[in-house]
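Construct the complete structure from the given sequences, taking the supplied hints into account.
Protein chains in written order, with my numbering: chain A, 1 to 196; chain Y, 1001 to 1681.
Everything labelled a hint here was simulated from the structure, so no lab data went into it.
Here are a few chain Y residues that face chain A, going by a calculated C-beta distance under 10 Å: (1) N1051; (2) E1152; (3) E1183; (4) G1186; (5) G1207; (6) G1210; (7) N1211.
Please read all numbers here as calculations on a predicted model, not as lab measurements.
Think of the CB as a built atom: it goes at the ideal place given N, C-alpha and C, for glycine as much as any other residue.
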Amino acid sequence: MGFLTCRRAAGCLAAALLAWISYAADTGHGSPPAAAHSEGEIESAMLYNFTKFVEWPDRALGESGGALVVGVLEDDRMASPLAAALRDKTVHGHPIVVRRLRSVAEAQTCAVLFVGAWDRKEIARIVQSVARAPILTIGERVQFSRLGGVIAFIRDGNRIRFEINLDAAERAGLQVSSKLLRLAAVWREAPPQARN
Amino acid sequence: MADSVKLRAHLSRPARSLIPLAMFLAGACLAGDTPPSPSDLADASLETLMNLEVSSPSRQEQKLGQTASAVYVITQDDIRRSGMSSIPELLRMVPGVQVARIDASSWSVTARGFAGQFADKMLVMIDGRSIYNHLNAGVYWEQNAVPLNDIERIEAIRGPGATMWGANAMNGVINIITKPARETQGLAVETGGGSEERASGSMRYGGAAGNRVSYRAYADYFQDGPLSSAGQAAYDRWDSAQGGGRLDWQTSDRDTLSLEGNIYRGAAQETVYPDYPAIGVSPPVPDSVALSGEYALGRWTHRFSERSELAMQFSLSDEDRVEQGLGRLSAHTADFDFQHHFAYSAKHDLMWGFDAQIYQDGIRPQQTYPEPSATVLFVPADSTELLASLFLQDRIALLPERLTLTVGAKLEQTGYSGFDIQPSARLLWNATPRQGLWASVSRAVHNPALAERDVLIEYQLAPNAGVQGLLSGNKEFQPETALTYEAGYRVQPARWLTADLATFFGIYHDLASLDSGAPFLQTGPPAVLVAPMQFGNGAAGHTYGIELATNWSVTRKWRLTGNYSWFRYGLDRAQLAAQSIPTDIEGSSPAHQVQFRSQWDIGTKLNFDTGIYFVSALPGLYIPGYVRTDARLGWRVTRAAEISLVGQNLLNGSHLEFAPTYYTRPTAPGRAVQLKVAWAF
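The structure is reproduced here in structure tokens:
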């Protein structure tokens, strides 16, 4: 390869590199870089987001300034990332408190109930016992929303999605904002023709 | 002495190649600016959170988009919507992977060249357990028919993965990862029938005991084939039945225990050349193969903290294969694997581990073919080998989130080929979160197959003239080596568009060859002239190519995928001795492969999916190029039931995808339709 072609090639390469760098810099702002977060951390942050897009019936949360209680049932994995994510956070003017529950009977004061169980019978039992209460029930795996829970986290490869059971939300008297529904997979318990 | 010289030579080549990398790196450091500090996760928007990838520090689940290598992932959704019914067929979706069906039950699957029924430069693993067969060096796909519904994803890594993964990952690694038991709860039943895969049925039940224990058990059966041969139904029907299960037990907040097991039985018909390797002296004959095997696997993972995790895995596998003509091949493998990952500091993310594999392979001849045919012996008939390896890798954040250098090496020791080192260096530059530019250099070795060392085949060359061939293994056979340079660029210019480009240049030394010796007269009676051949390391060559994967979400309900690959293999003729024939045939891989796939949701109940695959000719094997067209219509009748109609090879008739490179006579896949019904309760 002659000296001239060598220099020309280097020049072309440098120009291409410059163009690429300037393109890269242009597209630089966007979502934050993907740092390593555990499933529990991401789900906790998503749970906090859900509370912002759900409206409880007036009586449910009590006075402004009273705590919004997030109960954690049958799970040891989520309690600490949840507590970390929700520390010093408020929603609709209510400070958030995370509480570990020993049984579903303690859930009556909660606005949000995270259910760690994945045994179907266990999920069904928990979900049924709070079905008419104004509680946003959140669980893991798709069977949770299929069994009557309001929101289920769904693992999609390495990402986390969620499904909302609208019938369950209606039963609990919760208003789910359209923004949340747009991002969710929506599940209805009966096909549309059968519902009316 | 000779060993130390060899080692130094191995070390110096990658070291030299690091210089341009270092220069590039210095330039990139100057160009980069300080990255944004990680924000409080809870204040991030839902959209952002939904796009975050969950970190899983174990080797199997590294964030693939962030790796400096050519990776392609087939998801469960892709599997279901492809309508394909076996793992090798699914791998047609991966750009740069060449899949050629040889007959109903065997395939050649390879990346970046070196195709063959036993494509020996690919490592295939199911849940971290290698299914590489050491006797023939390759994978018996028909002995590893994992139920497709239980697969979470298939990761196909093209290019050398030897540093991190097991032995023989010279040209690629395929990781088949099954779903955790908690993802397969309830009862699922599936049944189908069609023109090529005649009948299939499967059943799975998943349950849980309390919160921490979940399990599944499954059983399935299918009958595939026959394909066709010269317009007639071929003799290659394949029946397979298996059962297995998995149990996941979260013994504490930090510990998870998984147990898996499987047992299978199968029968495959095939048509073979009884005089292999001298194909054509006598006519092909029907043969039948009885397949059986089982495995058990236990894995324990312990999380010390968010930054440190260890995993240990132990598995036992048996494979048994009785071929009427060849004899009984059996393989027993015990494998122990340990790995520890820990984020040593914000800058250094370390991973190290070791692996010990003991495998015992045997072959018992049993001659039933009519004469003249070859006799195949292994000397010794049984062999036990230990393969031990140690790896260390450091992922260095030169600039957090921006510039990552991954360096590592694997030390490997085998009883017969001694000690080898397989280092790699990979650099990834994420100028923005949405794009990545990477480059790598790595050295990989491929350990000799038992056949290359121990085989002894006597075959007739000209039976009436008293001329016999003798093919023998070579105890001095050395590992084949490859030095591979790769570079790639991944970009997501918009949320709905991704493109992934990889290029590579590989230099191969000590490739297997068949070296002819001087013919000699073997005194009789009757006296025969013997033309001997022996395995040697006489060949060398180089590969280069491009692989492009693109994905376009046209609307929320319509997704298009377009993949292209270009590949060249050049044999270094100057280095090839006159008496050597390379075992890897030039032109056994296509120069071009193009595919388009469309996944379309029509309303909420219908899926219509199509795929077109173009594979250019294999000039070395005299196989013309072909187009394969697939379509699938899926109808979700109720919440629990789905009916699907699959058509394969719709526009083209039967065509051969491969030529004989081994004793199995290839047959031609043709147009096929299949109806499937699935319920999940």
